[in-house]
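The sequence shown begins at 6 in my numbering and counts up by one.
Any given hint could turn out to be false.
In silico DSS-like links for lysine-lysine, alpha-carbon gap of 30 Å or less [stated by the list, open to error]:
no.: 1; residue 1: Lys161; residue 2: Lys147
no.: 2; residue 1: Lys122; residue 2: Lys161
no.: 3; residue 1: Lys199; residue 2: Lys27
Listed next, with one range per pair, are the computed distances between beta-carbon atoms [to be verified]:
no.: 4; residue 1: Lys147; residue 2: Asn103; range: 41 to 49 Å
no.: 5; residue 1: Lys140; residue 2: Asn103; range: 35 to 43 Å
no.: 6; residue 1: Arg194; residue 2: Ala106; range: 17 to 25 Å
no.: 7; residue 1: Thr136; residue 2: Arg169; range: 14 to 22 Å
no.: 8; residue 1: Phe29; residue 2: Asn190; range: 17 to 25 Å
The set of hints was computed from the structure by calculation and includes no laboratory data. The C-beta atom is built at its ideal place from N, Cα and C for all residues, glycine as well.
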Amino acid sequence: MNIIILGPPASGKGTQAERISKEFSIPHISTGSILRHAIENKTGLGLKAKKYVEAGELVPDELMDELVKERLSFRDCNSGFILDGFPRDIEQARALENIRAVEYAFDITLSEDEAVKRLAQRRECPRCGKTYNLKTMPPRKKGVCDDCNTRLSRRKDDNPDAIRNRMKVYEKQAGPLRDYYNSENTLTRIDGGKNIEEVGGEIRKNLYIP
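Construct all of the structure, not just a fragment, from the sequences and the given hints.
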């Protein structure tokens, strides 16, 4: 079961990926987690990526492709995976097809206004990257990550102007990807404005489960 989840900021794609991961025992893999793992373990690719991350620059596509390929070669991906944040463009989509064929591409849609409203409530763990929503998915202990007990913080770019700009950038990138996966007959669009359970139900309904 090889799955990718597309979606703008605050669409809940990470939350849905985690739900699928737990239900079907396949790993949820985000570009952030791939980079953190490679850098922390000082792999050859991780050391190359580190200089870009520390400089606040985007990791080049070619290097990101190699990092994804390396991660998908791990044994826990034998039965499938859920990719969140990759691919970002057609070239990465084609590179992914050369590594592992995508069986399901879910596109979670969300309006700009709803994204602004949700991200006002978002908090993130700076250590492990786990995200929370103070209203719909708060941590068990106020202001502290459930997994690593680190104090949560708010991202500097979670302000209305920055959010609207990120939405525009995302839509520009997402259009060609939607067309690509639609042509592959793997794309399903999901209304991300619904609650977590409803969105999860729509995704599950579109998965072929023998």
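Hint-by-hint comparison with the structure:
Pair hint lysine 161 plus lysine 147 holds up; C-alpha atoms about 20 Å apart against a cutoff of 30 Å. Taken as a hint, the lysine 122 and lysine 161 pair is honoured in the structure, with Cα atoms around 15 Å apart against an allowance of 30 Å. In summary, the hint linking lysine 199 to lysine 27 is supported, as the alpha carbons are separated by about 21 Å, within the 30 Å threshold. Between lysine 147 and asparagine 103 the beta carbons are some 46 Å apart, a value that agrees with the proposed interval 41 to 49 Å.
Taken as a hint, the range 35 to 43 Å holds for the pair lysine 140 and asparagine 103, whose Cβ atoms sit roughly 41 Å apart. A hinted range of 17 to 25 Å for the beta carbons of arginine 194 and alanine 106 is consistent with their spacing of about 21 Å. The hinted window of 14 to 22 Å between threonine 136 and arginine 169 holds, with their beta carbons roughly 20 Å apart. Checked against the hint of 17 to 25 Å, the C-beta distance between phenylalanine 29 and asparagine 190 comes to roughly 21 Å, which is consistent with it.
The structure is consistent with each of the numbered hints, conforming to all of them.
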